[in-house]
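Keeping their order, the protein sequence lines are chains Z and B. Residue numbers are given in this note's numbering: position 85 of the first sequence equals residue 85, and the series is strictly consecutive. Residue numbers are given in this note's numbering: position 69 of the second sequence equals residue 69, and the series is strictly consecutive.
Since the hints were made in silico from the structure, they are not lab data. Worth double-checking, as some hints may not be accurate.
Restricting the straight-line Cα-Cα distance to at most 27 Å, the calculated cross-link-like pairs of lysine-lysine (DSSO-like) are [to be verified]:
no., chain 1, residue 1, chain 2, residue 2
1, Z, Lys91, B, Lys149
2, Z, Lys21, B, Lys31
3, Z, Lys95, B, Lys34
4, B, Lys116, Z, Lys54
5, Z, Lys54, B, Lys64
6, Z, Lys180, Z, Lys91
7, B, Lys149, B, Lys123
8, B, Lys525, B, Lys116
9, B, Lys123, Z, Lys54
10, B, Lys64, B, Lys116
11, B, Lys70, B, Lys525
12, Z, Lys64, Z, Lys54
13, Z, Lys25, B, Lys45
14, B, Lys64, B, Lys45
15, Z, Lys54, B, Lys508
16, B, Lys70, Z, Lys91
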Amino acid sequence: MRLVIRQDYDAVSYHVAKYVKERIKEFAPTANNPFVLGLPTGSSPVGVYRNLVKFHQAGELSFKHIVTFNMDEYVGLPRDHPESYHSFMWKHLFKHVDILPENVHILDGNAKDLDLECHRFEEKIEAVGGIELFLGGIGPDGHIAFNEPGSSLNSRTRVKTLAYETIVANARFFDNDITKVPNLALTVGVGTVMDAREVCVIITGAHKALALAKCIEEGVNHMWTVSAIQLHPRGMVVCDEDATLELHVKTVNYFKSIEKVHEQLIGSDNMVFHE
Amino acid sequence: MQYPVALQLHNLISAPSSPEPNAIVPESTAKVIKITNCRVLRDGKIVDKDAIWIQDGKIIDPHKFFWYQKRLPDEVLDAEGLLVSPGFIEAQINGAFGVDFSVPSDQETYERDLTKVSRGLLKYGTTSYCPTIVSSSAAVYHKVLPLLKPRPGSSDSGASILGAHVEGPFINEARVGAHERKVLQASANNGYHDFKSVYGLEGATPEEQRKLRDMDLHSVKIITCAPELDGVMESIPDLVKAGITVSVGHSMANTSEAEKAVLQGATFITHLFNAMPQFHHRDPGVIGLLGSRLDLPRPYYGLICDGIHVHPNSVKIAYDSHPEGVILVTDAMSAMGLSPGNYRLGNMNVSKESDRVVVEGTNVLAGSNALIGPTIWSTSIVHSDVYEEHDVYDDCEHYEGSEHSLRIISLSVSDTDDDGDVYDQALSGDTTGDDEDFTSFKPTSSPVLTDVNNDGDLCCPSSSVITLDACMRNFIQFTSCSLVEALEAVTLHPAVLLGIQERKGVIKPGADADLVFLSDDLYVKRVFVAGEEVDLGLIHV
């Protein structure tokens, strides 16, 4: 696993966006061989999307041959509700870029048969040849997508009941009325994410520091589901200085030193630090 | 791969109630246009790098389009970073391009003239308007109003017509402005029926008229009247019930009468400051509505923003006191938009030069004819000293444009404090009476001025030749308001006044796709009406 530490949220966002852009460029996707991207929602990826949109507007990145799979969606919320994840993705990414609507896959929280919907989602991923790069965030309790503590590390896409804490935390988007917050969601499983050929988790802020520490310095544990990244052959965590607050100094020093060597190898011009 | 069937938890725990989560969205297969790379006025903000999606002549929600129809737009237009505003809405315009709405002609000619104006106005960003009829006889209204029913706009036929603004004839003779005295109505003691018979309203009762309005089968959208006339005040609620916007104008009402009119349902003031008593500190009259207590609804007010009808400082004072109420209007007349040349206007032969109209063969500004009235002419003012280029005329006095002389002629003309002179303020060192000594004036250059047409002020603007986009540019100059406020004064505010803010004057899904693209200095570059781009080069009037 690589741990890339950057100064702050903006630097992290830029790094991840640049990394995604370079990966896509290198892959050189075509209509027959599209780049399959897994995408998160929440506050962590907003900066990444902003940067990706900028690259697109500058003509440096096209989304024409990109297929996306989002991680999750609320159950029972209308698709055009301002707080649905469809709305989130539209607002932050899809509305600004040239992605084809048929290449966008987001779980349908209003499907008549939710289990079938989850099943179909997994099949769609398989049909395009699996996910090339899965971006994700992390919750303060170390969860990835809606795989709350206790989720099987082998789980697949399924219906999940939201933790009470999560519902309370989300109430601010629903007029502070917890009865309006959806209490079920469809989510990719930990297994689904880890099946991707590469996983990149974005972790910023002091409130995520403990989760980061638990996920990379301690064992693989279903109580901190992001810890499954330790078993991924190509895992990467990009975090800011604040998120490292609970890590051992030794850990931070180690990963920073690797970057120094890397910089010497490829030249500092090719390092991505800031815009 | 077998997936375990989850317990039907979602049946036990109720999902948040939402109407029809997957409501069927009608799938129109009509062409979808996306306009990208624009700065858009939306919800009171200018949104950068935004896009507008149009289908079937309306603005659509791209979110729904993307998710439900899963299509890409059929045509993508690049706005090249221009500012996109809803098309402008004109609430008061008497004519343009040589056409006078108040002059009846045969139906074919009138329709042709109407189209001429509707098309010509697009050049100035106006995509919807209320043709205005000055005080006329019932015969004229009966002839003309049926031809002014609302009609949608298009890139061929021009701006949409919202219905007529009938300015009069239930107005006060003392503030007649340039209207003909003999067609005025002194009272409306039969309430709605008097209005119905004079204008030829289609509905026998206010309720019926309202129904017709809801189906766009009405002809009268706005009525300007003087509430102090007998019977008019009491008629206002019925007129409002009939779906008509009632405006106070050409009136001598004092402030309490004006406030009563607003309580009765009047929602607009016709060209604030003009054709009403001047602001007097002890009786502010209609102008005093801007200072009504917070619990009284303050109406919208029209401002002719050419810098001549209303002094720029007065514009700013009005704006500062009630910025949410401002609606810019041109009150333009038939000569607006004419290119230089010789014309016959009313019963005069005139020459229109680049920025003024003179009696043919002379240097005298056209304007003693009752139809046009003594007139102040102006052109678009974009300079910092608005009086640099313009001359200000009354019937018989002639002042070279200079800031000071204009200030002088704006003085009050009645001896309201009984101190023996016509000026409220002491002039030339005259300190009789209780007035303050207004020493900032240049006393030596004050001529004797008389209010020749008895409309309360010494300059006599009747109509203008300014265009609505120029009004907007002036407005920003005069008030230093924000871009959003200036644009809303010609879009959102008139739309709300007329109750059409769901489809006009806004950029949001469901609204008509009437759009104006503006350069940074707010000149009209491109225009869309009902989702079609207008070829401005093809408009010759």
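Query raised in the report: Has the given pair, Lys70/B with Lys91/Z, been kept, meaning a C-alpha gap of at most 27 Å?
Result: At roughly 16 Å apart (the allowed maximum being 27 Å), Lys91/Z and Lys70/B satisfy the hint.
Query raised in the report: Under the criterion that the straight-line Cα-Cα distance not exceed 27 Å, is the pair Lys21/Z, Lys31/B satisfied?
Result: violated (33 Å)
Query raised in the report: Going straight from one Cα to the other, do Lys116/B and Lys54/Z come out at no more than 27 Å?
Result: violated (45 Å)
Query raised in the report: Does Lys34/B lie within 27 Å of Lys95/Z when you go C-alpha to C-alpha?
Result: Between Lys95/Z and Lys34/B the Cα gap is close to 11 Å, so the pair holds against 27 Å.
Requested in this report: Starting from Lys525/B, check that the Cα of Lys116/B is at most 27 Å away, please.
Outcome: This hinted pair holds, its Cα atoms lying about 20 Å apart.
Query raised in the report: Is Lys64/Z close enough to Lys54/Z, meaning Cα to Cα at most 27 Å?
Result: The hint holds at about 16 Å.
Requested in this report: Quickly compare the C-alpha distance for Lys180/Z and Lys91/Z to 27 Å and report which way the hint goes.
Outcome: holds (22 Å)
**Report entry** 27 Å limit on alpha-carbon distance, applied to hinted pair Lys54/Z and Lys508/B
**Finding:** holds (25 Å)
Query - Given pair status - Lys116/B, Lys64/B, alpha carbons within 27 Å - result: Violated, at roughly 38 Å.
Query - Distance restraint between Lys64/B and Lys45/B, which requires alpha-carbon spacing of 27 Å or less - result: holds (22 Å)
Report task. Decide if the proposed pair is consistent with the structure: Lys91/Z and Lys149/B, CA atoms, cutoff 27 Å inclusive. Result -> Cα-Cα ~41 Å, so violated.
Query - Hint consistency between Lys25/Z and Lys45/B [alpha-carbon to alpha-carbon, up to 27 Å] - result: Given pair Lys25/Z, Lys45/B is violated - Cα atoms ~36 Å apart, limit 27 Å.
Consistency note: the structure conflicts with the earlier hints numbered 1, 2, 4, 9, 10, 11, 13.
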